[in-house]
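Participant: Take the sequence shown: its position 278, counted from the start at 1, is 278 in the UniProt record's numbering, and no numbers get skipped.
Check the hints yourself; a few may be wrong.
Unchecked claim - If you anchor each label on the Cβ, the simulated ranges turn out as follows:
no., residue 1, residue 2, range
1, Glu231, Gly151, 20 to 30 Å
2, Pro222, Ser171, 15 to 25 Å
3, Arg97, Pro23, 40 to 50 Å
4, Thr33, Thr127, 15 to 25 Å
5, Ala288, Gly119, 34 to 44 Å
6, Arg148, Arg97, 22 to 32 Å
The set of hints was computed from the structure by calculation and includes no laboratory data. Even for Gly, the Cβ is constructed at its ideal location relative to N, Cα and C.
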Amino acid sequence: MTIWNLGSINIDIVYAVPHLPLPGETLAALSLTRGLGGKGANMSVAAARAAARVVHLGAVGEDGAWAVERMMEYGIDTRLITTVDGPTGHAIILVDRAGENSIVLHPGANHLISEDLMGQALSEADTGDYLLLQNETLLQREAVTMARDLGLKVAYAAAPFDAEAARGVMSHADLMVLNAVEMEQLRAASGQDLAAIGVETVIVTEGGSGGRIHRAENGWEPEHFAAPRVEAVDTTGAGDTFTGYLVAGLDRGLPLRQSVELAARAAALMVTRHGTADVIPDLKDVQATRFG
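Please work from the sequences and hints to get the whole structure.
Facilitator: Structure representation (structure tokens):
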């Protein structure tokens with residue numbers, strides 16, 4: 001099976017800082033790094049490193065050729081990434097000594113993906129494949145409508161939270177992943193409980209506490225899952241790593257609970273590393289790591 005990821009590709013510009021700045025405060029950065037990022041690219045890398053076949057549908061500017069090459073190195077099918085006029089999307093990321101982050105995004109080429117390209121991509125998909133998407137691109141509603149018509153399963157990471165995008169996707173999604181803050185934003189924006197949203201399975205992540213699985217088949221009773229105990233140095237990309245591993249596990253036929261637990265292990269290992277897509281652990285590392 002294949003995961004078709006309609007996803008962002010960003011250049012991540014990461015500053016290590018003593019603490020996240022307060023309004024009006026100027027800080028001297030401790031270090032500067034540049035790497036591959038974007039929620040979409042992170043998820044594609046995570047899924048590929050979790051042994052799934054991944055086709056990425058996205059766009060970069062002329063300045064993003066190196067990002068596409070890097071994705072190819074990680075085993076991602078990049079033939080449906082197009083080059084457009086305009087800058088590649090980028091993120092300014094501040095990471096403090098506790099590993100917490102603050103991020104400013106510029107969408108750039110991520111908002112220039114054409115509907116024709118998306119249609120070309122999904123026309124190659126097979127029934128039972130997964131469409132994976134998040135909110136750093138456009139065309140979510142069009143993508144999920146097309147995917148359902150073609151018999152694909154839809155996995156949706158509702159981040160960064162966007163109420164309009166969520167409304168367009170939820171009724172078509174089989175699986176939705178979001179963190180606790182985004183879950184509250186969804187409830188506030190929709191005024192609905194989980195049973196009314198229309199998604200069969202909702203995973204709510206809660207950082208170091210693990211998270212909750214909500215399933216229609218279990219009457220929406222929350223099932224807690226734990227996260228391995230680690231010392232976090234950088235939480236950037238942890239949620240994307242979780243989602244990529246989760247969907248890869250499901251695509252490979254693993255049960256939901258086993259896929260969630262594998263994803264939690266991958267995310268825990270991820271937060272012990274500085275960086276984003278370039279440091280997402282591979283499946284062998286995740287399986288071999290013994291957590292305290």
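Participant: Does the beta carbon distance between proline 222 and serine 171 stay inside 15 to 25 Å, or does it fall outside?
Facilitator: Given range 15 to 25 Å: holds, Cβ gap about 22 Å.
Participant: Given the hint of 22 to 32 Å, check if arginine 148 and arginine 97 actually sit that far apart at their C-beta atoms.
Facilitator: About 45 Å separates the Cβ atoms of arginine 148 and arginine 97, which means 22 to 32 Å is violated.
Participant: Kindly confirm whether 34 to 44 Å is satisfied by the beta carbon distance between alanine 288 and glycine 119.
Facilitator: Since alanine 288 and glycine 119 have Cβ atoms about 41 Å apart, the given range 34 to 44 Å holds.
Participant: Check the following: the C-beta atoms of threonine 33 and threonine 127 are separated by a distance inside 15 to 25 Å.
Facilitator: 42 Å, violated
Participant: Per the hint of 20 to 30 Å, is the separation of the Cβ atoms of glutamate 231 and glycine 151 within bounds?
Facilitator: The hinted range 20 to 30 Å is violated for glutamate 231 and glycine 151, with Cβ atoms some 44 Å apart.
Participant: Hint says 40 to 50 Å; check whether the CB-CB distance for arginine 97 and proline 23 agrees.
Facilitator: Check failed, 20 Å falls outside 40 to 50 Å.
Checked against the numbered hints above, the structure breaks hints 1, 3, 4, 6 and satisfies the rest.
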